[in-house]
Amino acid sequence: MNYWLFKSEPSCFSFQDLQKRPQATEPWDGVRNYQARNFLRDQIKTGDKVLFYHSSIAVPAVVGVCTVVREGYPDHTALNPQADHFDPKATPEKPIWYMVDVKAEKPLPREVPLPVIREHPALQKMPLINRSRLSIQPVSEAEFKVIMELGGL
DNA sequence: GCCAACGTTGGC
DNA sequence: GCCAACGTTGGC
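Heads up, this note's numbering is the position in the first sequence plus 174, with the first residue counted as 1.
Treat each hint with caution, since some may be false.
[Claimed, not checked] Below, computed lysine to any residue pairings styled on SDA-like, alpha-carbon distance capped at 20 Å:
hint	residue 1	residue 2
1	Lys319	Pro301
2	Lys280	Met175
3	Lys277	Met322
4	Lys263	Thr251
5	Lys223	Arg211
6	Lys280	Val243
7	Lys280	Glu183
8	Lys219	Ala198
No lab work stands behind these hints, which were simulated from the structure alone.
Make the full structure from the sequences, and use the hints.
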């Protein structure tokens, strides 16, 4: 099993939004970055754990844990001219972009804010710190455990 | 709102 | 294939 961190702007889609869904699963679509796409398509597997991170707010933070419930499949929103992340280069034969489905597991009793991650000696290698723009990031088991502890789980 | 970092585009 | 110009992301 592997660990990941997914970023989302809460004004766009928050962990609370995910928890509210009656069916509790959500397609993680709209990712349009090749490195992130490769993780979605090739490496993220059903059962993997995901840290849900809120970005572009006053205090960015890890706020909850999700589980992957469906692994990489074509992101059909790229084919839809009406969709926000439409890509004219994508076709059904060559979809280019991929997504996975996730479901909320539990919120962290205490959010883990970015400044805390920045200063924690065991978390210095997280891409959040110097590759902050990567929206899908791998997390090591050790890092995941540290964040769980900081978050009160 | 600013700006640094980074990714993409397009001319050559 | 290089690189300058431009657009986007995201922290502050």
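Hint numbers the structure violates, sorted upward? Of the numbered hints given earlier, the structure breaks none, since each of them holds.
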